[in-house]
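Colleague: Sequence:
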Amino acid sequence: MEKYYFEEEWKEAVLLTKENKSTVLVLDGEEVEICCPETVRGNVSECGTPCLVLESKYPKDGNYEAMAFSLDNPYRENKDWICMNPIIIEDAVGYFLASHHMEEMVSGSMVSRKIESREGAGPDFILGDAYIEINVPDAILNAAGNGWMQAKSLMLTDGKAVRYRDMVSGMENGNKRFILLTVFQHGLNDKMKGFLCRELSRLFGADLQENTEFWVIDLRLEPDGITLLSCQNITDMVLLS
Numbered sequence: 001m002e003k004y005y006f007e008e009e010w011k012e013a014v015l016l017t018k019e020n021k022s023t024v025l026v027l028d029g030e031e032v033e034i035c036c037p038e039t040v041r042g043n044v045s046e047c048g049t050p051c052l053v054l055e056s057k058y059p060k061d062g063n064y065e066a067m068a069f070s071l072d073n074p075y076r077e078n079k080d081w082i083c084m085n086p087i088i089i090e091d092a093v094g095y096f097l098a099s100h101h102m103e104e105m106v107s108g109s110m111v112s113r114k115i116e117s118r119e120g121a122g123p124d125f126i127l128g129d130a131y132i133e134i135n136v137p138d139a140i141l142n143a144a145g146n147g148w149m150q151a152k153s154l155m156l157t158d159g160k161a162v163r164y165r166d167m168v169s170g171m172e173n174g175n176k177r178f179i180l181l182t183v184f185q186h187g188l189n190d191k192m193k194g195f196l197c198r199e200l201s202r203l204f205g206a207d208l209q210e211n212t213e214f215w216v217i218d219l220r221l222e223p224d225g226i227t228l229l230s231c232q233n234i235t236d237m238v239l240l241s
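Here the working numbering is used: the first residue of the sequence shown is 1, the next is one more, and so on.
Just so you know, these hints were derived from the structure itself, not from any lab. Treat the hints with care, since some could be wrong.
Stated by the list, open to error - Derived DEER-like restraints, expressed as beta-carbon distance ranges:
no. : residue 1 : residue 2 : range
1   : N175      : D72       : 42 to 48 Å
2   : N211      : N85       : 30 to 36 Å
3   : S56       : N211      : 41 to 47 Å
C-beta: ideal position from N, C-alpha, C; glycine also.
Generate the whole structure from the sequences, applying the supplied hints.
Modeller: Next comes the structure, spelled out in structure tokens:
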């Protein structure tokens, strides 16, 4: 397992909702200001939602910025974390590609980021003969029973599907491979993988090109970085779904 390390370790804290409905951050036993995404701000559990924070680059929005959240009991050690910033995930994937830790997908090539086509919509990465577009499922937090939280993952939105189709059709195909890489960061199991394959088949099955591939990677987020757990080609599973 390979790991991408953050420049600065994220600090663990707890988000709480006060009686006036405001959200506060408890860090080292002290309440401090926090810049919190609206998705989570409206769903903070009364008993506390664990989060990972960094000192904010924009102090006027609060002294700290929430980077990730956990659905686990605040008192549990070694929590499972969900990063709410897809740019962080893209940075980690770029590192794994450039460091040749995903050789089963693409091997022995230099990686380029954010290549723009003439139509203005290029892939996230180009690596050798592969155009790679990253799909980070949207983590949506919803209130659950007993004050805890649960996550629902929207595997692939229609907007993302349209962007991927436009990217494939807008570029000169030649001998290029087009890879849609879906990133999981809160546990990849057979049930989730099966659901993803059915969604991909529904969205792309009718016009799936021979040089189009579907891959998944499973990541684990920790306060000091992101670990690559697995990388798998699911193209055949999509075709059979």
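Colleague: Hint by hint, say whether it matches the structure.
Modeller: Here is what the structure says about each hint:
Take N175 and D72: their Cβ atoms lie about 46 Å apart, and the range 42 to 48 Å holds. The supplied range of 30 to 36 Å is met by N211 and N85, whose beta-carbon atoms lie about 31 Å from each other. Remark: the range hint 41 to 47 Å for S56 to N211 is upheld by a beta-carbon distance near 44 Å.
Violated hints for the displayed structure: none, as all numbered hints are satisfied.
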